[in-house]
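Novice: The lines below spell out each chain.
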Amino acid sequence: KQEVTQIPAALSVPEGENLVLNCSFTDSAIYNLQWFRQDPGKGLTSLLLIQSSQREQTSGRLNASLDKSSGRSTLYIAASQPGDSATYLCAVNSGNTGKLIFGQGTTLQVKP
Amino acid sequence: EPEVTQTPSHQVTQMGQEVILRCVPISNHLYFYWYRQILGQKVEFLVSFYNNEISEKSEIFDDQFSVERPDGSNFTLKIRSTKLEDSAMYFCASSDQMNTEAFFGQGTRLTVV
Chain X
1 KQEVTQIPAA LSVPEGENLV LNCSFTDSAI YNLQWFRQDP GKGLTSLLLI
51 QSSQREQTSG RLNASLDKSS GRSTLYIAAS QPGDSATYLC AVNSGNTGKL
101 IFGQGTTLQV KP
Chain F
1 EPEVTQTPSH QVTQMGQEVI LRCVPISNHL YFYWYRQILG QKVEFLVSFY
51 NNEISEKSEI FDDQFSVERP DGSNFTLKIR STKLEDSAMY FCASSDQMNT
101 EAFFGQGTRL TVV
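Same order as they appear, the protein sequences are chains X and F. Under this note's numbering, the first sequence is numbered contiguously, ending at residue 112. Under this note's numbering, the second sequence is numbered contiguously, ending at residue 113.
FYI, nobody ran anything at the bench for these hints, they're computed from the structure. Glycine included, each C-beta is placed from N, C-alpha and C at the ideal position. Treat the hints with care, as some may be off.
To be verified - Partial list, derived from the structure: chain X residues whose beta carbon lies under 10 Å from chain F:
1. Val-4
2. Phe-36
3. Lys-42
4. Gly-43
5. Gln-51
6. Gln-54
7. Thr-58
8. Leu-89
9. Ala-91
10. Gly-98
11. Lys-99
12. Ile-101
13. Gly-105
14. Gln-109
Stated by the list, open to error - List of simulated lysine-lysine pairs, BS3-like, C-alpha gap at most 25 Å:
15. X:Lys-68 with F:Lys-42
16. F:Lys-83 with X:Lys-111
17. F:Lys-83 with X:Lys-68
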């Protein structure tokens, strides 16, 4: 059974810092991995999708990497801003129906 | 930009009542999903739907739950007899293929009293 874990659960950094969020999964047989952002009480905004054949994806200040064999993904945020404060979720698609298995999330606070 | 739309944003219902949560997926998408998130907990998969039938459902999705695509645009989740523990944020999602990016709606917060 696929399980997804995110470390740390919470992170507080000063503005401008580069940071890394971690995601690990137990079953390496995945189709893809997706990173989401969730603001308090709101929906999930897709940030990046990495297919199983890819090593990384970039969007603006965000870079996500995938090491399928070790069951790990990282989300790198460059030059963090207060507007980046949110909960970041990773989710793994490892079935053949598109079902996503989510981690608990990392709650990020960027202080001005 | 196309988006998944959910209504209502917040619904309060009495225990034992039926509720229907509504979703309009992105128009050219073929795969539809419902997830829920109990306050402070992980987002949990409920059901996936493709080609007018359920393709997978979780243990949570028991006989009290049902889904329907009544027309070409709506996708609904019905809970027949709500329980207190059904209180959660319910998210609808859609994707154009099984292994492509999933887009989520803003959620319906269901409160059962």
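Novice: If a hint holds in the structure, say so; if it doesn't, say that too.
Specialist: The hints, checked one at a time:
no. : hint                    : in the structure
1   : Val-4                   : holds, 8 Å
2   : Phe-36                  : holds, 7 Å
3   : Lys-42                  : holds, 6 Å
4   : Gly-43                  : holds, 4 Å
5   : Gln-51                  : holds, 7 Å
6   : Gln-54                  : violated, 12 Å
7   : Thr-58                  : violated, 15 Å
8   : Leu-89                  : holds, 7 Å
9   : Ala-91                  : holds, 7 Å
10  : Gly-98                  : holds, 4 Å
11  : Lys-99                  : holds, 5 Å
12  : Ile-101                 : holds, 7 Å
13  : Gly-105                 : holds, 8 Å
14  : Gln-109                 : violated, 17 Å
15  : X:Lys-68 with F:Lys-42  : holds, 22 Å
16  : F:Lys-83 with X:Lys-111 : violated, 40 Å
17  : F:Lys-83 with X:Lys-68  : violated, 40 Å
Comparing the model with each numbered hint stated earlier shows that hints 6, 7, 14, 16 and 17 do not hold.
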